[in-house]
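Going line by line, the protein sequences match chains A and B.
Counting from 1, position 129 in the first sequence corresponds to residue 129 in the working numbering; the numbering is continuous, with no gaps.
Counting from 1, position 84 in the second sequence corresponds to residue 1084 in the working numbering; the numbering is continuous, with no gaps.
Misleading hints may appear alongside valid ones.
[As the list claims (entries may be wrong)] One side of the interface only, derived from the structure: several residues of chain B facing chain A at Cβ under 10 Å:
hint, residue
1, Arg1018
2, Ser1019
3, Thr1023
4, Ala1025
5, Arg1092
6, Ser1093
7, Ala1096
8, Gln1098
9, Arg1100
10, Leu1106
11, Ala1107
12, Ser1145
[Stated by the list, open to error] Derived coverage of chain B by chain A (criterion: at least 3 residues anywhere in the stretch with Cβ under 8 Å from a Cβ of chain A; other residues may be distant):
hint, segment
13, 1007-1017
14, 1231-1245
FYI, nobody ran anything at the bench for these hints, they're computed from the structure.
In this text, all values refer to a predicted model and were calculated from it rather than measured experimentally.
Ideal Cβ positions, reconstructed from N, Cα and C, are used throughout, including at glycine.
Below are the chains, spelled out letter by letter.
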Amino acid sequence: MIEAKGLVKHYGSTTAVDDLSFVVRPGIVTGFLGPNGSGKSTTMRMMIGLDHPNKGTVTIDGRAYDQIRWPLREVGALLEAKAIHPGRTARNHLRALAASNRIPVRRVDEVLELVGLTTVSGKRAGGYSLGMGQRLGIAAALLGDPHVLLFDEPVNGLDPEGIQWVRELLRTLAGQDKTVFVSSHLMSEMALTADHVIVIGKGRLLEDADIATMVAKAGVSVLVRSPDADRLTTAIAKAGGTVVSQNDGGLVVTDLEAPQIGDLAARDGLRLHELTPQRASLEEAFMALTKEHVEFGGTH
Amino acid sequence: MNLWPTVQAEWLKFRSVRSTPYTLAVTVVLCIGLGALGSWAERSHWPKASLQEHLAFDPVAISLLGFFFAPLAVGVVGVLVISSEYSSGSIRSTLAAQPRRTAVLLAKSIVLFAATLVVGEICSVASFLVGQSILRGVTPTASLSTPSVLRAVLLAGLSLALLALLAMGIATMLRHTAGAIAVYVSALLVLLIIVSALPSDWSARILKYLPEILVATMRSTTAAGTSAQLFSPWVSTLVLAAYTLGALILGGVLLARRDA
Chain A
1 MIEAKGLVKH
11 YGSTTAVDDL
21 SFVVRPGIVT
31 GFLGPNGSGK
41 STTMRMMIGL
51 DHPNKGTVTI
61 DGRAYDQIRW
71 PLREVGALLE
81 AKAIHPGRTA
91 RNHLRALAAS
101 NRIPVRRVDE
111 VLELVGLTTV
121 SGKRAGGYSL
131 GMGQRLGIAA
141 ALLGDPHVLL
151 FDEPVNGLDP
161 EGIQWVRELL
171 RTLAGQDKTV
181 FVSSHLMSEM
191 ALTADHVIVI
201 GKGRLLEDAD
211 IATMVAKAGV
221 SVLVRSPDAD
231 RLTTAIAKAG
241 GTVVSQNDGG
251 LVVTDLEAPQ
261 IGDLAARDGL
271 RLHELTPQRA
281 SLEEAFMALT
291 KEHVEFGGTH
Chain B
1001 MNLWPTVQAE
1011 WLKFRSVRST
1021 PYTLAVTVVL
1031 CIGLGALGSW
1041 AERSHWPKAS
1051 LQEHLAFDPV
1061 AISLLGFFFA
1071 PLAVGVVGVL
1081 VISSEYSSGS
1091 IRSTLAAQPR
1101 RTAVLLAKSI
1111 VLFAATLVVG
1121 EICSVASFLV
1131 GQSILRGVTP
1141 TASLSTPSVL
1151 RAVLLAGLSL
1161 ALLALLAMGI
1171 ATMLRHTAGA
1181 IAVYVSALLV
1191 LLIIVSALPS
1201 DWSARILKYL
1211 PEILVATMRS
1221 TTAAGTSAQL
1231 FSPWVSTLVL
1241 AAYTLGALIL
1251 GGVLLARRDA
């Protein structure tokens, strides 16, 4: 379990993380969402002690990261950038990490096999593609068979097959009752893998909910088509609904349910050609959440 | 704080990139080569040399000629041990595996010191022996059984290890390869040029504190006896060690305090 309490991080005059508190539970995949530059990487760096918070704490099973005796055996982290010397081979990189945490050398070969890098493990990492670098990062994260995993944008640079592989890996790890925390700036990616999402914008917590709750919260709208659009708009507005006209003549109505709109039309004798309840997609819900926040921020 | 596993990891990292073993091998070859070249030149010149030259001749100094160059090479190795971690981003892997940062710096220091001490002693003993064997039969030669000669040769090797650590300390502070090499070379050579240009009564007082003069004193069999302006070889060693320790402590404090 990961627990962040009142995390604050400033870089000079900018506030990267602003009073962030949340809990990441084991057994599920928790998505960590936010637009680029919203403080996701900073938060993850603070989790493994690379950056020091200005205020607040983040603990793993109740302990600060630097209090863990063999950290790689408890926490595995894939960080955004390639974190390997270009002149060192993948195998030697992993061997050094293994040695530092007294992890048996056979684990090095196991994780290389697992991520599909066995054949190139003797090659210098400088020649690796982005995707291979990403796989090596995942191998390093899995090296100590940790029960807490942090992945910062793990599908970056991977081909469709690799992306599929990462999704399955995340599900498998969560299935083994591990704590899996994955950042992404794409809600659509999270929709496919995460059970729970934590959304931040400008370093602040915007949402901390199950995927299902998040969709429900995003609300439903009703798409209405009518030859009597003008009169219908007035009627809906009077009844308390909100109408947004679309370019193709359709009306998107919120704050009123489809049956109420149908009844209104019948009462006033207006013709309806279409009356379709629409569930907002996760992507739209995410956009709405973060857009709102950016507007409050007022710098864009 | 799990120091020993960290030392093992750092040793593996130290030898698993090409640059370190190559630079150290080149150091040994050039060091011995320069000493041999100098000795050969002295040998050929000897019959034509004046009495003054014969009297001033120092067989130890000429065989250790390569030690004017070697500090640059080991300095680069010392800098790269930490700066390459920053340029490649591998510092994040390193600190995630060992979050106690003092242990990381200590482990790197131990590995670098051990490796450069071995290389330094190979350089000095081999340069000395090769030099003497070239000079033998023509000029006077020195022997390791003379205590001051043995001391000069062993401290020459040690000076390289201390300089490599000094360079690593500077690089830990600056986190940047080119910047750290520039500062290290400045501390060695530019400082010497500046101080030499000062009025002579000033420079005479300051010179003995300069790293370049300290290491020259450490490997000299003659300097300390002839000039009251210099520290003895052993005091020079302590002063250089103090600089090195200072740089490492300052680097360590910054490493612990800063974000990685």
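message = Hint by hint, where does the structure go against what was stated? Just the numbers, ascending.
response = Violated hints: 3, 4, 10, 12, 14; rest satisfied.
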